[in-house]
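Residue numbers are given in full-length UniProt numbering: position 52 of the sequence shown equals residue 52, and the series is strictly consecutive.
Simulated from the structure, these hints should not be mistaken for laboratory data.
Note that the coordinates shown come from a computational prediction; the quantities given were computed from them, not determined experimentally.
Idealized CB from N, CA, C, for every residue including glycine.
Some hints could be false.
[Said to hold, decoys possible] Each pair of labels, with its calculated beta carbon distance range:
(1) PHE135 x ASP160: 25 to 35 Å
(2) ASP111 x LEU64: 34 to 44 Å
(3) ILE16 x HIS132: 23 to 33 Å
(4) LYS130 x LEU39: 20 to 30 Å
(5) ALA185 x ASP111: 17 to 27 Å
(6) GLY7 x SER189: 19 to 29 Å
(7) GLU188 x VAL136: 46 to 56 Å
(8) GLY84 x SER114: 47 to 57 Å
(9) ASP160 x GLU188: 36 to 46 Å
(10) GLY84 x VAL136: 25 to 35 Å
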Amino acid sequence: MATWFDGKKSFADVPITANGISTQEFLDAAEALTTLFDLMQSKAFGVVKSDLTGNIKKVRDRFLAAPAESQTLQELVVNELKTGKHTATEGLLWLVRGLDFTAQALRHNIDNASTELADSFRNAYGGTLKPHHSFVVKPLFSAAMSACPYRKDFYSRLGDDQAQVQENLNVYVAALEERINILKAFMESPQAKW
Numbered sequence: 001m002a003t004w005f006d007g008k009k010s011f012a013d014v015p016i017t018a019n020g021i022s023t024q025e026f027l028d029a030a031e032a033l034t035t036l037f038d039l040m041q042s043k044a045f046g047v048v049k050s051d052l053t054g055n056i057k058k059v060r061d062r063f064l065a066a067p068a069e070s071q072t073l074q075e076l077v078v079n080e081l082k083t084g085k086h087t088a089t090e091g092l093l094w095l096v097r098g099l100d101f102t103a104q105a106l107r108h109n110i111d112n113a114s115t116e117l118a119d120s121f122r123n124a125y126g127g128t129l130k131p132h133h134s135f136v137v138k139p140l141f142s143a144a145m146s147a148c149p150y151r152k153d154f155y156s157r158l159g160d161d162q163a164q165v166q167e168n169l170n171v172y173v174a175a176l177e178e179r180i181n182i183l184k185a186f187m188e189s190p191q192a193k194w
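From just these sequences and the hints, can you work out the full model?
Below, the structure written as structure tokens:
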């Protein structure tokens, strides 16, 4: 039985070392996650996916420009800030916010089996991205939240074997949450300020 998770780079596969979170694997997993929004089958989610992919690109561009000093996301940020620039650092900040939004929405939906996806995403948006969005961007994201498919439709798109889908989703979201928490703490630290 195939599920959406099969063959995708998972956050569970992203190494965490003493120096931080592996840049290449993290970006690959983040890119794989953006395809989750295709399952929403709504153009309104294009803005969410575009936001994530744009920030992935900013971080990847820095990684490709200075790979030796960007093996972990933490090293990438510290070394970019030494140059007086912060394009990738700002990109990572927004990427973490976007991934946090996604993780919180999925976690809320996993933990509340009768809650519709739209409610979970609305709830997550209020606590993650909304405080940082301008009055121009907020309606675009609100439209996306309203365009969520029904819970049963979304889960069926994740795979036919719902027990396997739930198991994979739990592992996936837990690994994402662990990495987000590490990065949120780092992005709040003096090392990551510009």
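Okay, the hints, checked on the actual structure:
1. PHE135 x ASP160: 25 to 35 Å: This hint is violated: roughly 42 Å between Cβ atoms.
2. ASP111 x LEU64: 34 to 44 Å: Check passed, 38 Å falls within 34 to 44 Å.
3. ILE16 x HIS132: 23 to 33 Å: holds, 26 Å
4. LYS130 x LEU39: 20 to 30 Å: About 23 Å separates the Cβ atoms of LYS130 and LEU39, which means 20 to 30 Å holds.
5. ALA185 x ASP111: 17 to 27 Å: Since the Cβ atoms of ALA185 and ASP111 sit about 23 Å apart, the hinted range of 17 to 27 Å holds.
6. GLY7 x SER189: 19 to 29 Å: Since the Cβ atoms of GLY7 and SER189 sit about 35 Å apart, the hinted range of 19 to 29 Å is violated.
7. GLU188 x VAL136: 46 to 56 Å: The hint (46 to 56 Å, Cβ to Cβ) is violated, given that GLU188 and VAL136 are roughly 26 Å apart.
8. GLY84 x SER114: 47 to 57 Å: holds, 51 Å
9. ASP160 x GLU188: 36 to 46 Å: holds, 41 Å
10. GLY84 x VAL136: 25 to 35 Å: holds, 29 Å
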